[in-house]
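Using the sequences and the accompanying hints, generate a full structural model.
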Amino acid sequence: MNVMITPTNIRLSKDKKKLTITFDEIEYSMSSEFLRVYSPSAEVQGHGPGQEILQLNKQNVEIEKLKPTGNYAIAIHYSDSHSTGI
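So the sequence shown is residues 2 to 87, counted in this note's numbering.
The set of hints was computed from the structure by calculation and includes no laboratory data. Some hints could be false.
35 Å max Cα-Cα, derived DSBU-like pairs, lysine-lysine [what the hints assert, rightly or not]: (1) 18 <-> 68; (2) 68 <-> 15; (3) 66 <-> 15; (4) 17 <-> 59; (5) 15 <-> 59; (6) 19 <-> 66; (7) 18 <-> 66; (8) 17 <-> 66; (9) 68 <-> 17.
Label pairs and their computed distance ranges (CB to CB) [stated by the list, open to error]: (10) 30 <-> 65: 13 to 21 Å; (11) 23 <-> 51: 16 to 24 Å; (12) 14 <-> 84: 29 to 37 Å; (13) 31 <-> 53: 16 to 24 Å; (14) 50 <-> 27: 26 to 34 Å; (15) 24 <-> 51: 26 to 34 Å; (16) 50 <-> 16: 30 to 38 Å; (17) 30 <-> 81: 28 to 36 Å; (18) 54 <-> 27: 30 to 38 Å; (19) 8 <-> 39: 13 to 21 Å.
What you are looking at is a predicted structure, and each value in this text was computed from that prediction instead of being measured. Glycine included, C-beta positions come from ideal geometry on N, C-alpha and C.
See below:
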């Protein structure tokens with residue numbers, strides 16, 4: 002049986018540097034730098050194991066926009082023009 006857990010709240014901080022997602026009254030906060038550096042995109046992760054590309058100088062990146070994607074994901078658009086879904 003697959004149970005899809007849906008967030009009850011998704012909030013972007015005023016300075017656009019922290020994304021907070023709430024599931025069942027438990028909050029998870031992640032910095033924009035963390036999300037950008039560990040993006041699931043091929044630009045960051047490469048095209049296979051061992052092909053990861055270290056992302057440097059992302060400490061000032063901001064989240065410009067959040068966009069719902071499909072039934073379960075959000076696309077994050079960053080101030081350095083990168084965009085990816087999680």
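Which numbered hints turn out to be false for this structure? 11, 12 and 17
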